[in-house]
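Peer 1: With these hints in hand, go ahead and build the complete structure from the sequences.
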Amino acid sequence: MNPIIANLLTEPVGVSHYVVVGAFMFTCGVLCMATKRNALGILMGIEMVLNGANLNFIAFGSRYLRNDANSLGLDGQLISLFVIVLAAAEAAVALAIVLNFYNNTGSIDVDGADQLRG
Amino acid sequence: MDAIYWPSFFFLLFSFIACAFALGVLLAKNIVRMAFYLVLSLSSTAGLFFLAGADFVGAMQLMIYVGGTLVLLIFGVMLTSQERFIEMRTSSGEWVVAFFIGLMLFFTLGKAAFGVAAWSGLDRETAEAVQVEQTVTPLAMGLLGARVDKLDEPDAAKQEGMAGYLFQFEIVSVHLLVVLVGAAYLARAKRKASGASAGGS
Chain A
1 MNPIIANLLT EPVGVSHYVV VGAFMFTCGV LCMATKRNAL GILMGIEMVL NGANLNFIAF
61 GSRYLRNDAN SLGLDGQLIS LFVIVLAAAE AAVALAIVLN FYNNTGSIDV DGADQLRG
Chain B
1001 MDAIYWPSFF FLLFSFIACA FALGVLLAKN IVRMAFYLVL SLSSTAGLFF LAGADFVGAM
1061 QLMIYVGGTL VLLIFGVMLT SQERFIEMRT SSGEWVVAFF IGLMLFFTLG KAAFGVAAWS
1121 GLDRETAEAV QVEQTVTPLA MGLLGARVDK LDEPDAAKQE GMAGYLFQFE IVSVHLLVVL
1181 VGAAYLARAK RKASGASAGG S
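The listed protein sequences derive, respectively, from chains A and B. Just so it is clear: in the first sequence, position 36 is 36 by my numbering, and no numbers are missing. Here my numbering runs 1000 ahead of the position in the second sequence, where the first position is 1.
Calculated directly from the structure, the hints in this document are not laboratory data. There may be inaccurate statements among the hints.
To give an idea of the chain A side of the interface with chain B (calculated C-beta under 7 Å), a few residues [to be verified]:
1) Thr10
2) Leu74
3) Ala91
4) Ala92
A virtual CB, placed ideally from N, CA and C, is assigned to each residue, including glycine.
Peer 2: Spelled out as structure tokens, the structure:
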């Protein structure tokens, strides 16, 4: 078996592995925000970005991944709870704006939202 | 060969599911499929939270994020999914630019992740010796302003910064209330200005 895979399976994972997964979700979210034309697709990208950040907070606060004095401890979990709550608030407002936009223009394509250009 | 360390196995499983469906959200053309992939991706992220010992946050991820926020998003998808908006294509030039930007971003972040020696993980004996403890009570006490997890901090200057999160908790509560009132105000059904439909739209 590939030694890297074998090492991954027999040794505990660390903060680095979690950070890589978080970075992947962050990158997918950023690209989702940049490439989607549907306003709801952009919202989903934002959710993924927040989730990647949350994963980092949890990883830096976990005692299973890094058990020394510099660990974030419980602060990481508390901050990620706040992030979850704020993401819910953000989704509610953004969804209201998107529905308003849809009612006003009859379209959900963000490329059509150019009224402010003057 | 050593025996398989099962938390690592489940980490690989959950992270593979989370990453694969995150990629699915990015690449899917259909908005309904994107919403479904996002549900699966965020659910397996909750599995990663459980693996890192954050049981309460993982449960909240499942209940608030997957059960609340994503259901809200799916309602948005259902309210706006007319035939011509279900699939919206992005031009291939934008995809190429986005691909290279994403590749650079991911490699920068990944290289930074493996650049710190202290982040590489415990060895197996240490990790198996870590005591499992539930986080609900310390989290609730932290939100009420008492940090029961750091009572033995000897440094008095550091202790002042550990006042807990009561103030932030209050701010977030009021913020949530204001946001929900604002969202209800923004999304309310308006009467048409023409006056043709009296019952609102």
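Peer 1: Output the numbers, in ascending order, of every earlier hint that fails for this structure.
Peer 2: none
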